[in-house]
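Following the hints, put chain B in place on chain A, whose structure we already have.
Residue numbers (the UniProt record's numbering), protein chains in the order written: chain A, 1 to 188; chain B, 1 to 591.
Mixed in with the good hints there might be a few duds.
Subject to a maximum C-alpha distance of 27 Å in a straight line, what follows is the list of computed DSSO-like cross-link-like pairs (lysine-lysine) [what the hints assert, rightly or not]:
no.: 1; chain 1: A; residue 1: Lys110; chain 2: A; residue 2: Lys151
no.: 2; chain 1: B; residue 1: Lys324; chain 2: A; residue 2: Lys113
no.: 3; chain 1: B; residue 1: Lys132; chain 2: A; residue 2: Lys140
Calculated directly from the structure, the hints in this document are not laboratory data.
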Amino acid sequence: MSSTDQNVLKLEDTELRLGLPGTDGCKRGALSSVKGNNKRAPEEAESDADGHGDCQSGAPAAKEQVVGWPPIRSYRRNSFQAKKTEPEAPGIYVKVSMDGVPYLRKIDLKIYKGYSDLFKALENMFKFTFGEYSEREGFKGSEYFPTYEDKDGDWMLVGDVPWEMFALSSKRLRIMKASDAKGLGSAI
Amino acid sequence: MRENRAEVTCGAGDYHTPGADQVLENVLENVLHFITSRRDRNAVSLVCKSWYRAEAHTRSELFVGNCYAVSPRRATERFRGINSVVLKGKPRFADFGLMPLNWGAHSAPWLTSFGAAYPWLEKIHLKRMSIKDEDLAHIARSFPSFKELTLVCCYGFGARGLAILASKCRQLRVLDLIEDEVNDDDVDWISCFPENVTCLESLSFDCVERPIDFCALERLVARSPNLKKLRLNQFVTIAQLYRLMVRAPQLTHLGTGAFSPSDNLAQDGEEPDYRAAFAACKSLVCLSGFREIVSEYLPAIYPVCCNLTSLNFSYANINSEELKSVVCRCRNLQTLWVLDTVRDEGLKAVAATCKDLIELRVFPIDAREDCEGLVSEVGLTAIAEGCRKLQSILYFCQRMTNAAVITMSKNCPDLVVFRLCIMGRHRPDHVTNEPMDEGFGAIVMNCKKLTRLAVSGLLTDKAFGYIGKFGKLVRTLSVAFSGDSDIALKYVLEGCFSLQKLEIMDSPFGDSALLAGVHHYYNMRFLWMSTCRVTLQGCRATAQALPGMVVEVFTSGSSAVRDDDEYVNILYMYRSLDGPRNDVPNCVRIL
Numbered sequence: 001m002s003s004t005d006q007n008v009l010k011l012e013d014t015e016l017r018l019g020l021p022g023t024d025g026c027k028r029g030a031l032s033s034v035k036g037n038n039k040r041a042p043e044e045a046e047s048d049a050d051g052h053g054d055c056q057s058g059a060p061a062a063k064e065q066v067v068g069w070p071p072i073r074s075y076r077r078n079s080f081q082a083k084k085t086e087p088e089a090p091g092i093y094v095k096v097s098m099d100g101v102p103y104l105r106k107i108d109l110k111i112y113k114g115y116s117d118l119f120k121a122l123e124n125m126f127k128f129t130f131g132e133y134s135e136r137e138g139f140k141g142s143e144y145f146p147t148y149e150d151k152d153g154d155w156m157l158v159g160d161v162p163w164e165m166f167a168l169s170s171k172r173l174r175i176m177k178a179s180d181a182k183g184l185g186s187a188i
Numbered sequence: 001m002r003e004n005r006a007e008v009t010c011g012a013g014d015y016h017t018p019g020a021d022q023v024l025e026n027v028l029e030n031v032l033h034f035i036t037s038r039r040d041r042n043a044v045s046l047v048c049k050s051w052y053r054a055e056a057h058t059r060s061e062l063f064v065g066n067c068y069a070v071s072p073r074r075a076t077e078r079f080r081g082i083n084s085v086v087l088k089g090k091p092r093f094a095d096f097g098l099m100p101l102n103w104g105a106h107s108a109p110w111l112t113s114f115g116a117a118y119p120w121l122e123k124i125h126l127k128r129m130s131i132k133d134e135d136l137a138h139i140a141r142s143f144p145s146f147k148e149l150t151l152v153c154c155y156g157f158g159a160r161g162l163a164i165l166a167s168k169c170r171q172l173r174v175l176d177l178i179e180d181e182v183n184d185d186d187v188d189w190i191s192c193f194p195e196n197v198t199c200l201e202s203l204s205f206d207c208v209e210r211p212i213d214f215c216a217l218e219r220l221v222a223r224s225p226n227l228k229k230l231r232l233n234q235f236v237t238i239a240q241l242y243r244l245m246v247r248a249p250q251l252t253h254l255g256t257g258a259f260s261p262s263d264n265l266a267q268d269g270e271e272p273d274y275r276a277a278f279a280a281c282k283s284l285v286c287l288s289g290f291r292e293i294v295s296e297y298l299p300a301i302y303p304v305c306c307n308l309t310s311l312n313f314s315y316a317n318i319n320s321e322e323l324k325s326v327v328c329r330c331r332n333l334q335t336l337w338v339l340d341t342v343r344d345e346g347l348k349a350v351a352a353t354c355k356d357l358i359e360l361r362v363f364p365i366d367a368r369e370d371c372e373g374l375v376s377e378v379g380l381t382a383i384a385e386g387c388r389k390l391q392s393i394l395y396f397c398q399r400m401t402n403a404a405v406i407t408m409s410k411n412c413p414d415l416v417v418f419r420l421c422i423m424g425r426h427r428p429d430h431v432t433n434e435p436m437d438e439g440f441g442a443i444v445m446n447c448k449k450l451t452r453l454a455v456s457g458l459l460t461d462k463a464f465g466y467i468g469k470f471g472k473l474v475r476t477l478s479v480a481f482s483g484d485s486d487i488a489l490k491y492v493l494e495g496c497f498s499l500q501k502l503e504i505m506d507s508p509f510g511d512s513a514l515l516a517g518v519h520h521y522y523n524m525r526f527l528w529m530s531t532c533r534v535t536l537q538g539c540r541a542t543a544q545a546l547p548g549m550v551v552e553v554f555t556s557g558s559s560a561v562r563d564d565d566e567y568v569n570i571l572y573m574y575r576s577l578d579g580p581r582n583d584v585p586n587c588v589r590i591l
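Just chain A, with the same shape it has in the complex (with noise of 0.2 Å):
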């Protein structure tokens, strides 16, 4: 492993990560996982730089998710989320607006169990619908359609990627009018 140590260090300095806001990584290992878009966004990382070093040793700091680990499927995970006892993670909040709206609004991504939850939400709450979901075409049936802004300050079509990955990564929601959409390309 000593050989390829600086590598090691290189990929580590701007490797991105999934993690629930304030909290700090901690790296240890030879590999952390990098998810997402692959694009390197400096992000502060201490690397173990001996690899292998004792993992045991003094007070671990809390470590950050990684998406696929452990390999527990999401449905199991998510059946117990109420039953613990330690205080819960703090609430991922986003702020909603809608085209045509002139108030936001602020909703806690944590709460919502996958898409169709949050959809009926917005639906509930600023008392439209949006369309049926679809790869290829986006959302189509109605004038709304909801997009994101992501950690690295794109503007997204909701739905793409897993809900997990969603609900870590979206700073902000716009459900916007499909007369409005220029460049989300297959959304209208």
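This is chain B only, laid out in the frame that chain A set:
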């Protein structure tokens, strides 16, 4: 129709004696009717052309382990008499959120082909595939004799589709929805089953996350005299469970729903005699559910414990004492799934009584690293010492020792499946601080029947050396956060000649290792490598070397793969007789 088929006509017509070849083929077909194992049938079909034809004519169950390995047309052209189909789509790592949602595995093209080729189709079993309400409607329309639908880890459908299926398939015997993602739509599908007596033998809907109309369910159970397996969802309270049980004492498999009272206690009235209801179910051998268990009710199941062969407590938050009170009565238990809330103490109780245990799964209630470990090497050792007949184990823990794993390898020689998940990444043996190489090495060395292995913890290349050297029967290998260099993967690819499914995440294996397996990939169902060190060039080189493989690269989000990315995020490759699929989403690149 068949060539060389001699016609036999009566009366004034000629009688043509069938040729010797034809006689042999007829005899062979009669014999082949008795061969059901698909592996045996595959072997038969390789003997010669005549045997190939005979086997193709007589195969009644079609198994397609990767829905993209072969086109529906090729399958339906070869096999003309299929009445039962098993189809699998996405690879297992899709369950953990690692695949783009719209990746594929659509059941529609297959169902359309089956509709045309096998109108007499009776059974469909799908795993990890997308199936929409329209597809369920298509099944209901196309197959008048349809009897069994099993959907495992599928998604894309909802109650609307189920309603159509229930109302149109009058001969439906089995409707098993297992760990599916069912769309949240407001249709009362339970009421859609035929009004008169139904043929239902098995109904499983524990994954449906919506309350169903209980009165309709109760009436359904009452008019289903053949019902043997009933698995309820968490919205069925214990009082409702009682009412169902008294109507169906013939049940053999029961998923108990919430196993707690409803929130509105006044609704339940006086508590019925749950214990008596269980006692009346004399044929009960399998219990599951317990989704929101209130442990005061646990003693109700005591009367059936001595007959239980399978018990699934994996959603039941019970402690060691509570588990003990149950398993001490379960002498005949063969399959046990629990949560780690039962702790090492609970596992010791299992080891003390369940001497015939064949399969054990221990799931974590808190699936995060760095949590307090509720089970450890102590529990594993206890199981190893008590359950000598163990064949299959899945064990989630926070820490482990080589000694415990070695003990299991020596005490449980019948192990076929060994999956140990030490949730902390790169954790060494917590007593000796050594890597976990020796433990896993002992497993492959001593468990001579091992076909499935999942490794974890701190592992060096040495562990993979052992696996390559001794894991000659291993068909499925799961690797995560392990190994030091390419040599590890090379050991496996060069040594494990039975390897069919290899899934690797977050390990430092690169192009040189990938290319080392080129001699073997055609024998495999698939190779999955995510967040490793393979590059686009390496994947291209592999694709060029193996024209019969479909090499897909993508990311777990929906962003496109970029040429200038240092490493490929996800590589998923599999053999295919019909080339690359035509339903690839934009975010997936086929090289």
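Here is how each hint holds up against the structure:
1. Lys110/A <-> Lys151/A: holds (17 Å)
2. Lys324/B <-> Lys113/A: Not satisfied, since the Cα-Cα distance of roughly 34 Å exceeds 27 Å.
3. Lys132/B <-> Lys140/A: Answer holds: Lys132/B to Lys140/A is near 17 Å, not above 27 Å.
Hint violations for this structure: number 2 only, all remaining hints satisfied.
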